[in-house]
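*Asks:* Chain by chain, the residues run as shown.
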Amino acid sequence: MRRRSVVKGGALLVVGALALAACGTRADETGSGSGGDQKVVKIGVIAPLTGNLSAIGLGIRNSVDLAIRQANEQNAIPGWKIELRAEDDQATPQVGQQAASTLADDTAVAGVVGTYNSSVAQNVMPVLDKASIVQVSPGNTGPALTMGEDLDNPKRPYHNYFRTCTTDAIQGPFGARYVYNTLGIKKIATINDKKTYGVGLVAQFTKEFKALGGEVVSEQTINPDDTDYSSVIAKVAAAKPDLLYYGGEYPQAGPLSRQMKARGLNVALMGGDGIVDPKYIELGGDTSVGDFGTSVGAPVESLDSAKAFVEAYDKAGFSESYSAYGAYAFDAANAIINGLKVSLKDATEINKDVREATIQAVQNISFEGTSGHVAFDEFGDNTTKILTVYKVDGDKWAPAHTDTFK
Amino acid sequence: MLTQFVQQLANGVVLGAMYALIALGYTMVYGIIQLINFAHGEIFMIGAFGAFTVYRYILPDGTSLWIALPLMLLGGMIAAVAVAVAMERFAYRPLRNAPRLAPLITAIGVSIALQEAVRLYYPDARSKLAFPQLITGSPIPIGFGASVDRASVVVVLVSVICMVALTLFVRRSRMGRAMQATAQDPDTARLMGINIDRVIVMSFLLGAALAAVAGMAQGLYLGQIDFRMGFIAGLKAFTAAVLGGIGNIQGAVVGGFALGIVEVMAVQYIPGQFGGGAWKDVWAFALLILVLVFRPQGLLGERVADRA
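Chains as they are written, first to last, in the UniProt record's numbering: chain A, 1 to 406; chain B, 1 to 308.
This is chain B alone, in the form it adopts within the complex (with noise of 0.2 Å):
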């Protein structure tokens, strides 16, 4: 029974990290420009194609595991950001003064642009692609009979590496401070001299680099890519940050391993008719809609609801 219950806390633990990864370049664009970027999750998509593009055409066979998931992570980042800069230039910065639903509709065909580009010029991106088994290994135990496979050991090390990373840098550097200060207030942070298209344009690098890491970590530890995987990510991070508190970034860290868990325990605890996996969507989405109603400003708060 405990061993279950370590083992699929564990499973939770993995997952929610990587929608955790997803979930904060929701936040930290929506915390800054108030833009539910929907096609996030092809950034993510992306990311995860750049990593792969990486192994299958640059690195020659049998390169060391230290050498090619370095390299691997860097292809992806750089094609993630790449694409989010230019979607911010190009498609959403002409709408920075629009109403509020211009973007939104621009980021939706955005989305669907940047899906079929993938599956049409991507060479066989028509059916899922296998990804390469880089990490193998028998599970490692975690104590209580329960064991993790490798891979997923990697992905929750990164991610909280990366989160750490984040939270340091918004808090510490001139820039991250630059990104509060506009969160809170862009005239303002304007007036005071902060460069507020360069503090837009980071916000979406970094959530792009973030989302770059998950898709690579999905790679590794689900085996497969293909390009409509950005979909329900991106709609599961959003679910995640929406969760947490939108805007705020320790709020999708928290909605993303919540969200994470959830369905997992749904798989386990939940009998009869409307358990097992068929459903744990239902059981995360129906966690969404009780939180909205009765903490409609998410679990952790919007850290800048009191914006004029």
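Extracted from the complex, chain A is given alone in its bound form (with noise of 0.2 Å):
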């Protein structure tokens, strides 16, 4: 007993040592990554590999892959290879935090594209502002990360923060036009699951469609953990609305469709790009046709300038789909890489008065992406702020409407 207890803990001890030399000789590896004749700087991914998002995550990993290739092709800055370095945030904060300081951590690292939830957002900023590196989001919508918490008083968090999708404050506004000036819906309730998202987003397009001169009649909350709904549409369905904004995501929109219609309150529910997912209308049911979601850009296959893309993303081999956010995705890259022929044309070595550089030519880049037209404003928002308004249509989401926001 005693003799085995010692060569277990003789185990542990070579395996623990084997590990950290494992650490150890990863580390020197990535910090002498910059030799031959071309210098090497990398661009870093932060997205979810793996999980319940990862068909997002991969998607918007791929077309870093896709925009990195092209560049090296054109040698599109002379003396450098541009290499991709992916990690994996898991949609957890604290996992997306310890991917943001690997990446700081590396010298050759001059960009991050990423990341796809707001929140890891939250965590991955700091890191990545302390070591100025520039990011370039293309998936969070969240008003707060280029705005701060007060809306009103909008101040920029991080200098270093860009993103290229539009975000929730755009989203709700966009919705409530669309109901009152397009649908002719004048009176309507709103559900949200109490989260941030849900919340803003409900706040948000209240604001607008009171403003526009509409009526909301009921206001409602659920528990995102919550399956029966019964109780809140018998509330809501005594306030007669004609149309139901709900503010969250699809497990529970799709439900909260279904069982509103079992329940005889017979209208349509809209919500934000939450819902907008093909798991809606298979939880949904039949009874989801004619409900709305608005979705920040525009459906990538319709644009013209997204052809490329697409023909070049399947030319390439990919074994999974660009996804929703490929397009934006391929646009973060571009940005960072037209940033870095500005920042990289007489420097010799990455250093923290390049990696500054490169933030600032990222906030003056201005070129026509696959998403349309790509610049950042003060606060490293997008200029561009096209949506649309998605409607379900079968047993698909359809594009109904493509408008900037003005």
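Worth double-checking, as some hints may not be accurate.
Some chain B residues judged to face chain A by a derived CB distance under 8 Å, without partners named [to be verified]:
#	residue
1	Asn11
2	Leu15
3	Ala130
4	Ala151
5	Val153
6	Thr167
7	Gln224
8	Gly277
9	Ala278
10	Asp281
For the record, the hints were derived by calculation from the structure and aren't laboratory data.
What you are looking at is a predicted structure, and each value in this text was computed from that prediction instead of being measured.
We put the CB at the ideal spot given by N, CA and C, even for glycine.
Combine the two chains into a complex, taking the hints into account.
*Replies:* This is the structure in structure tokens:
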């Protein structure tokens, strides 16, 4: 017994030592990665590469990979070879923070594309900011990331943060205008799931809808863990709205749509990009036909500018699809590459000054991207604010209306 | 005003019927071996997945409703009962004479194991699954301007039939009386020639069958199932069982309905910041605390409280 425990302890020690040694070598390798005649600059990716959201995360990683390959082929930055370094954030803030630290420690990293989740971004931003690494997100829609918590007195929290997609602050009003002006509906009810995203979306929608002259007849909440919405539906139905606006995500919105129609509340449900997912239609059933969802950007397939991207992506032979945010990730990567063209022109190595120069260069970029014109305003938001209303038609989300928000 | 009240009452009754069905499983097992079987919520989940499996993999498309529903129910029951009996045999029986904390912790372990097993090995179970919409049609008016949808009528009818059948079984049948005897005094019951092991298995079996009914009912009524559904449902049903008086079969039914109705009425009538759907669980658990403070034995009391 005693001998066995000694053996066990010894084995543990050996394993521990090996693990430490392994870490050591890896760190060394990344430090001396800039050998050869071409110097190496790395673009990091922080996205959910595993788990529920991995389809989106892998689409983001592959699209960045594609942008990098194209840049290297064209020798976009003379003397420099761009490499991809993708880290998994598992859609979890803590894991994302570790990923950010890993990238910040890699001296060759000069820019990061990511994250997908706004909650993860909150933990990633301070780490990258400290290391002066430019961050361009393809999918964060939380308004606070660029405007700060107080949207009426916006103040930019981090100067290194940019995003290519539009925010929830635009999505709510965009939906409200569609409902009031296009559908001609003046009386609605709202439900939110009490999470940051849902509460914010409903607040922005309500503000614009009331400003237009519409009436909000009932404002309800549900618990994200709930499965039975009958009592809330009964309360909403009593107020007789002509449309229900829901702030939240499809796992709750789908069953909510199905239940409200089974319980006799036969009006359309509308939500934000959180419900625009095939799973919504599956959970909502046949009666979800006619429901609406707004989402950022235009459907990639419909854009002329995106055709080349889709073609190149298909040709590159990735095993996963580019998914909903691939085009934004591709633009985000190109924003960084365009910035690097400026900041690396006379640089011999990547240091803090070069990283800062990259941030400035990205702030000033302006190019025709896959998802539209890409340029950043004083908060780091994309100046092109294109959104689309989708409508459930049969078993898919069909684009109903694409417009630029002004 | 009255319309709203009747409408919400109807919603509460449907919700309560499902809580009561699950609560019966908690209370029967507790009555006989004083184990709070925290894995019972997962038996409910497995019942729902069993019924879904029959629909998805076995029934041909376009099977008539009257054939599909009983077969799905049967599938759900077989899955739930098989898992429950195996759980009793392999997880709880070896701990029969261990300190009471050991089976309790085991129950939590079994609960996590079952959830994860479904998440990992059932196809597409990582996200919510849409349960087939079998019972369709417009809502049925029930007077006062209120109406209920057709699935909920089926849910309530089936639940009431199950509860009546269980009561009759426990009161009238030989096995039922053996269960009562074991609940009162297991040692004396054994001396009287009752096979305690069989009685215990029976209580797990009956509880699982009822949980499967509830699982399928939830699928039909709410249109969705997922591997986590047992956690919240189990917690609510446990609350219902304690509310009515744990160990007491009528108590579980009363507690289930009381909990369901309190939840919906809280949504309807509590105004302001602490009202609305997001707070209904808070009021349900507040009720539990109040009952435990002023009437610790539960609403109907524990029928077997005078056990040695």
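*Asks:* Does valine 153 of chain B meet its interface restraint, that is, does its C-beta lie within less than 8 Å of any C-beta in chain A?
*Replies:* violated, 12 Å
*Asks:* Any CB of chain A closer than 8 Å to the CB of glycine 277 of chain B?
*Replies:* Constraint on glycine 277 of chain B satisfied, holds at 4 Å.
*Asks:* Given glutamine 224 of chain B as an interface hint, is its Cβ closer than 8 Å to any Cβ of chain A?
*Replies:* holds, 5 Å
*Asks:* Quick check on the hint: alanine 151 of chain B CB to chain A CB, less than 8 Å?
*Replies:* Result: holds, 7 Å to nearest chain A Cβ.
*Asks:* Holds or violated: is the Cβ of leucine 15 of chain B closer than 8 Å to a Cβ in chain A?
*Replies:* holds, 6 Å
*Asks:* Does the closest beta carbon of chain A sit nearer than 8 Å to the beta carbon of aspartate 281 of chain B?
*Replies:* holds, 6 Å
*Asks:* Holds or violated: the hint that alanine 130 of chain B contacts chain A, with Cβ atoms closer than 8 Å.
*Replies:* This interface hint holds because 5 Å falls under the 8 Å limit.
*Asks:* With chain A as the partner, please determine if alanine 278 of chain B meets the hint condition of a C-beta pair closer than 8 Å.
*Replies:* Because about 4 Å separates alanine 278 of chain B from the closest Cβ in chain A, which is inside the 8 Å limit, the hint holds.
*Asks:* Going by Cβ atoms only, is threonine 167 of chain B closer than 8 Å to chain A?
*Replies:* violated, 26 Å
*Asks:* Checking hints one by one. Is asparagine 11 of chain B an interface residue toward chain A, by the C-beta closer than 8 Å rule?
*Replies:* holds, 4 Å
In summary, the structure is inconsistent with hints 5, 6 from the numbered list given earlier, while agreeing with the others.
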